[in-house]
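Protein chains in written order, with the UniProt record's numbering: chain A, 1 to 401; chain B, 1 to 401.
Simulated from the structure, these hints should not be mistaken for laboratory data.
Be a bit skeptical, because a hint or two may be false.
In this list, chains with the same sequence are indistinguishable; a pair is considered to hold if it fits within one copy or across any two.
[To be verified] Restricting the straight-line Cα-Cα distance to at most 20 Å, the calculated cross-link-like pairs of lysine to any residue (SDA-like) are:
id : residue 1 : residue 2
1  : 176       : 30
2  : 176       : 141
3  : 148       : 306
4  : 148       : 314
5  : 363       : 286
6  : 176       : 32
7  : 363       : 350
8  : 176       : 287
9  : 176       : 364
10 : 176       : 281
11 : 176       : 362
12 : 176       : 190
13 : 363       : 12
14 : 363       : 96
15 : 148       : 335
16 : 363       : 400
17 : 176       : 134
18 : 176       : 145
19 : 148       : 176
20 : 363       : 165
All of these numbers come straight from a predicted model, not from anything done at the bench.
Number of protein chains: 2
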Amino acid sequence: MPERSPLDLPEDHPFGPHNLPYGVFTTPADPRPRLGVRYGDHVLDASAAARATGSPHAGLLAAPTLNPLLAAGRPTWQAVRAEVRAWLTAPEHRAAVTPLLVPLAEATMHLPFEVADYVDFYASEHHASNVGRIFRPDAPDPLTPNWKHLPIGYHGRAGTVVVSGTDITRPSGQRKTPADAAPVFGPSTRLDIEAEVAFVVGAPSAQGAPVARGDFREHVFGLCLLNDWSARDLQAWEYVPLGPFLGKSFATSVSAWVTPLEALESARVAPPARTHQLLPYLDDTADAQDAPDGLDLRLEVAINGETVSRPPFAAMYWTAAQQLAHLTVNGASLRTGDLYASGTVSGPEPDQLGCLLELTAGKGPFLADGDEVTITAWAPGPDGTRVGLGEVTGRIAPAIG
Amino acid sequence: MPERSPLDLPEDHPFGPHNLPYGVFTTPADPRPRLGVRYGDHVLDASAAARATGSPHAGLLAAPTLNPLLAAGRPTWQAVRAEVRAWLTAPEHRAAVTPLLVPLAEATMHLPFEVADYVDFYASEHHASNVGRIFRPDAPDPLTPNWKHLPIGYHGRAGTVVVSGTDITRPSGQRKTPADAAPVFGPSTRLDIEAEVAFVVGAPSAQGAPVARGDFREHVFGLCLLNDWSARDLQAWEYVPLGPFLGKSFATSVSAWVTPLEALESARVAPPARTHQLLPYLDDTADAQDAPDGLDLRLEVAINGETVSRPPFAAMYWTAAQQLAHLTVNGASLRTGDLYASGTVSGPEPDQLGCLLELTAGKGPFLADGDEVTITAWAPGPDGTRVGLGEVTGRIAPAIG
Numbered sequence: 001m002p003e004r005s006p007l008d009l010p011e012d013h014p015f016g017p018h019n020l021p022y023g024v025f026t027t028p029a030d031p032r033p034r035l036g037v038r039y040g041d042h043v044l045d046a047s048a049a050a051r052a053t054g055s056p057h058a059g060l061l062a063a064p065t066l067n068p069l070l071a072a073g074r075p076t077w078q079a080v081r082a083e084v085r086a087w088l089t090a091p092e093h094r095a096a097v098t099p100l101l102v103p104l105a106e107a108t109m110h111l112p113f114e115v116a117d118y119v120d121f122y123a124s125e126h127h128a129s130n131v132g133r134i135f136r137p138d139a140p141d142p143l144t145p146n147w148k149h150l151p152i153g154y155h156g157r158a159g160t161v162v163v164s165g166t167d168i169t170r171p172s173g174q175r176k177t178p179a180d181a182a183p184v185f186g187p188s189t190r191l192d193i194e195a196e197v198a199f200v201v202g203a204p205s206a207q208g209a210p211v212a213r214g215d216f217r218e219h220v221f222g223l224c225l226l227n228d229w230s231a232r233d234l235q236a237w238e239y240v241p242l243g244p245f246l247g248k249s250f251a252t253s254v255s256a257w258v259t260p261l262e263a264l265e266s267a268r269v270a271p272p273a274r275t276h277q278l279l280p281y282l283d284d285t286a287d288a289q290d291a292p293d294g295l296d297l298r299l300e301v302a303i304n305g306e307t308v309s310r311p312p313f314a315a316m317y318w319t320a321a322q323q324l325a326h327l328t329v330n331g332a333s334l335r336t337g338d339l340y341a342s343g344t345v346s347g348p349e350p351d352q353l354g355c356l357l358e359l360t361a362g363k364g365p366f367l368a369d370g371d372e373v374t375i376t377a378w379a380p381g382p383d384g385t386r387v388g389l390g391e392v393t394g395r396i397a398p399a400i401g
Numbered sequence: 001m002p003e004r005s006p007l008d009l010p011e012d013h014p015f016g017p018h019n020l021p022y023g024v025f026t027t028p029a030d031p032r033p034r035l036g037v038r039y040g041d042h043v044l045d046a047s048a049a050a051r052a053t054g055s056p057h058a059g060l061l062a063a064p065t066l067n068p069l070l071a072a073g074r075p076t077w078q079a080v081r082a083e084v085r086a087w088l089t090a091p092e093h094r095a096a097v098t099p100l101l102v103p104l105a106e107a108t109m110h111l112p113f114e115v116a117d118y119v120d121f122y123a124s125e126h127h128a129s130n131v132g133r134i135f136r137p138d139a140p141d142p143l144t145p146n147w148k149h150l151p152i153g154y155h156g157r158a159g160t161v162v163v164s165g166t167d168i169t170r171p172s173g174q175r176k177t178p179a180d181a182a183p184v185f186g187p188s189t190r191l192d193i194e195a196e197v198a199f200v201v202g203a204p205s206a207q208g209a210p211v212a213r214g215d216f217r218e219h220v221f222g223l224c225l226l227n228d229w230s231a232r233d234l235q236a237w238e239y240v241p242l243g244p245f246l247g248k249s250f251a252t253s254v255s256a257w258v259t260p261l262e263a264l265e266s267a268r269v270a271p272p273a274r275t276h277q278l279l280p281y282l283d284d285t286a287d288a289q290d291a292p293d294g295l296d297l298r299l300e301v302a303i304n305g306e307t308v309s310r311p312p313f314a315a316m317y318w319t320a321a322q323q324l325a326h327l328t329v330n331g332a333s334l335r336t337g338d339l340y341a342s343g344t345v346s347g348p349e350p351d352q353l354g355c356l357l358e359l360t361a362g363k364g365p366f367l368a369d370g371d372e373v374t375i376t377a378w379a380p381g382p383d384g385t386r387v388g389l390g391e392v393t394g395r396i397a398p399a400i401g
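Bound-form chain A, shown alone (with noise of 0.2 Å):
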């Protein structure tokens, strides 16, 4: 019987032919970090199959981050990713292709792209309400009244996004509750997590230019789990009246692995209703049921290996493709590696919820050091399948001094 290759795979494998994430990786042998495809439980290196196979894309592979593939634009992604496939399932590339595959326990992996602009929404239904309830316990409504005709967003800070498995120093600063005289500075004792999926811009766009909610997907490739860490004791003292600082910047976990939006197709399913009449630009009722943008993607939360949550993507009120639509109605440009994430994730059971401050009513207790939180998620693909998301982990360090 001849030896299994890593090509042979269970067809139900949640990281198959139907999937193809991307991330970049080293190895110990060649710490020169390149593309590589999740396939099994094995990373191809695509930049060598590339050379190896005379691929038109070799340049685009070669980079040491997916930006250059992801600015080539939506014609260019299909090109590759068909390309991608045929290396892995077709006879003919077996030979060459079999030794480019790296176990994934021997590669360790980077932030798959530089990012630009970074945006955090404010998506879940559940999720705003269940704040509101916390954050502002005397307002008549959990919703404030923006929130049913736009995605409320923010920017959050480019530069502290870290790939999955980078350690959180648990960060410091000031809190003041209503019994304290003055604030008081520390480490923060109410360290949350919020359990997000985040849509990574390929195609730029122009300053000035809007781009139609139509056309996500000739500018979003793919999207990747999120952790935004959160300390919710910074967060309370400092919002108003301009939004989170502190209380989030000072680290964002994303997964390593960036699925493309074409391994989700199987995934697509109506939002939520729409209870109020939405703008033109972000008007989808006439879409909902023939070209739907939500995505039916089944998060899981671990803490410590064991399951706190399962947040449903499915029942997010505001879909990315509305997302994109609004952040760049104003004129606002795009560029390559912006990321916006969807904001927490929690649907309307008590098992659903994707943050600790929803899930102990804001109580806690919240994260201690040494606490190790996972994301991981699972979407319906073709003809039964499932596809995986690449998980987001990451472990609580000690404050510093």
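Given the coordinates of chain A, work out where chain B should sit on it, guided by the hints.
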């Protein structure tokens, strides 16, 4: 009588040898972006001068942006500054340098550095109080409770920072007044300016390692003028609870010239007296007399050539050194090219207000299509001289569509 050389400046010229700001320029004859130093009404081609004089810094100065010089750190900044001054003032360089001076009118200026993250603070007590009264008329105190304890700030969009002279397209977006039943969409009808001073980070810092207030000059290279264009109608409807987003993200203009902090030693002044005891990482009372971090910059705002305000930067409550310490106290890292702005500069007097919202008590008129806004500034230099700051200007173009 010999022809007068552009090297022969009047001793009191605001762009004399005590100033020496850096920029990036092209000329019709040579379209390659390259570093320039402003001297009088000319631009010295710094890359050509470095080659002509065999400078040890020729490599840094050959880049098409300031980023490599910014990253090199303070000892190099000082060495290059001394070298540039010698090129412009020492007789032995006169023959080599004279042909490398380009009249300002022949130079096209470009964004002088690649912006990493962009942060906007809110450091004028006068501005924050005036805006608080306009946006939150029912609040008991125009300042939020945190305002005197920390420099409030938020992240803006780095990708839409443009150089002085770039037209600003009027943004469109959602607005809703209390009288409207639902939001309406259209070009902003309350387009405003914010006259600010912005600080440019040179030397980076590591994630997890706060930068002390006293290390400000090791990390920050210099400053420029900034106009934080603001669509007040978009901003008012969107900003609760996560802060400004589309009301600001369409464009931010910066001056073409970055003035080194080294040129502003004579402008250092004590900031306003502190009314609250500050936490140790922000407390600058011990330095207020001997090593103050306030800066006596005199701004002037003109619309269509008519001066509308003279905002005094010396009145800012929070200093740039405090802002840097705050920005990093949670462990957030700095990158070369990080830009952080002061927030609107407003003084106590009615002719010292830095935006139209304040100048018109919220009533307008705001900017019309075709209006050109220019912010200029100067600071006291050594021996009674003035240090000129490069202007930031922009003209409003009509909304698209």
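Tested hints:
Proximity of residue 176 to residue 30 under the C-alpha cut-off of 20 Å is found in neither arrangement, the shortest distances being 50 Å within a copy and 57 Å between copies. Taking identical chains as interchangeable, the C-alpha atoms of residue 176 and residue 141 lie at most 20 Å apart only when they sit on different chains, with a minimum of 18 Å there against 25 Å within one chain. Proximity of residue 148 to residue 306 under the C-alpha cut-off of 20 Å is found in neither arrangement, the shortest distances being 34 Å within a copy and 43 Å between copies. Proximity of residue 148 and residue 314 under a CA criterion of 20 Å is satisfied intra-copy only: 17 Å inside one chain copy versus 43 Å between copies.
In this assembly of identical chains, residue 363 and residue 286 lie within 20 Å of each other by CA distance neither inside one copy nor across copies; the values are 42 Å within and 40 Å between. Neither within a single protomer nor between protomers do residue 176 and residue 32 lie at most 20 Å apart by alpha-carbon distance, with minima of 47 Å and 53 Å respectively. Taking identical chains as interchangeable, the C-alpha atoms of residue 363 and residue 350 lie at most 20 Å apart only when both belong to the same chain, with a minimum of 15 Å there against 47 Å between chains. Proximity of residue 176 to residue 287 under the C-alpha cut-off of 20 Å is found in neither arrangement, the shortest distances being 47 Å within a copy and 27 Å between copies.
Taking identical chains as interchangeable, the C-alpha atoms of residue 176 and residue 364 lie at most 20 Å apart only when both belong to the same chain, with a minimum of 17 Å there against 37 Å between chains. With identical chains, the CA atoms of residue 176 and residue 281 are at most 20 Å apart between copies only, with a shortest distance of 16 Å across copies and 41 Å within one. In the homo-oligomer, the alpha carbons of residue 176 and residue 362 lie at most 20 Å apart inside one protomer (16 Å), although the nearest pairing across protomers, at 32 Å, exceeds that limit. Taking the shortest Cα distances, residue 176 and residue 190 sit within 20 Å of each other inside one copy (12 Å), while across copies they are farther apart (36 Å).
For a Cα distance limit of 20 Å, the shortest separation of residue 363 from residue 12 qualifies neither inside one copy, at 41 Å, nor across copies, at 64 Å. In the homo-oligomer, the alpha carbons of residue 363 and residue 96 never lie at most 20 Å apart, since the shortest distance is 57 Å inside one protomer and 71 Å across protomers. In this assembly of identical chains, the alpha carbons of residue 148 and residue 335 never lie at most 20 Å apart, being 28 Å within a copy and 37 Å across copies at closest. Within a single copy, residue 363 and residue 400 get their C-alpha atoms no closer than 25 Å, and across copies no closer than 49 Å, so neither meets the 20 Å cut-off.
In this homomeric assembly, residue 176 and residue 134 come within 20 Å of each other (Cα to Cα) only inside a single copy, at 16 Å, whereas the closest approach across copies is 26 Å. For the identical chains of this complex, residue 176 and residue 145 are inter-copy neighbours only, at 10 Å across copies versus 27 Å inside a copy, given an alpha-carbon limit of 20 Å. When the C-alpha separation of residue 148 and residue 176 is checked against a cutoff of 20 Å, the pair qualifies only between copies, where the shortest distance is 13 Å, while the shortest distance within a copy is 31 Å. When the C-alpha separation of residue 363 and residue 165 is checked against a cutoff of 20 Å, the pair qualifies neither within a copy, at 28 Å, nor between copies, at 52 Å.
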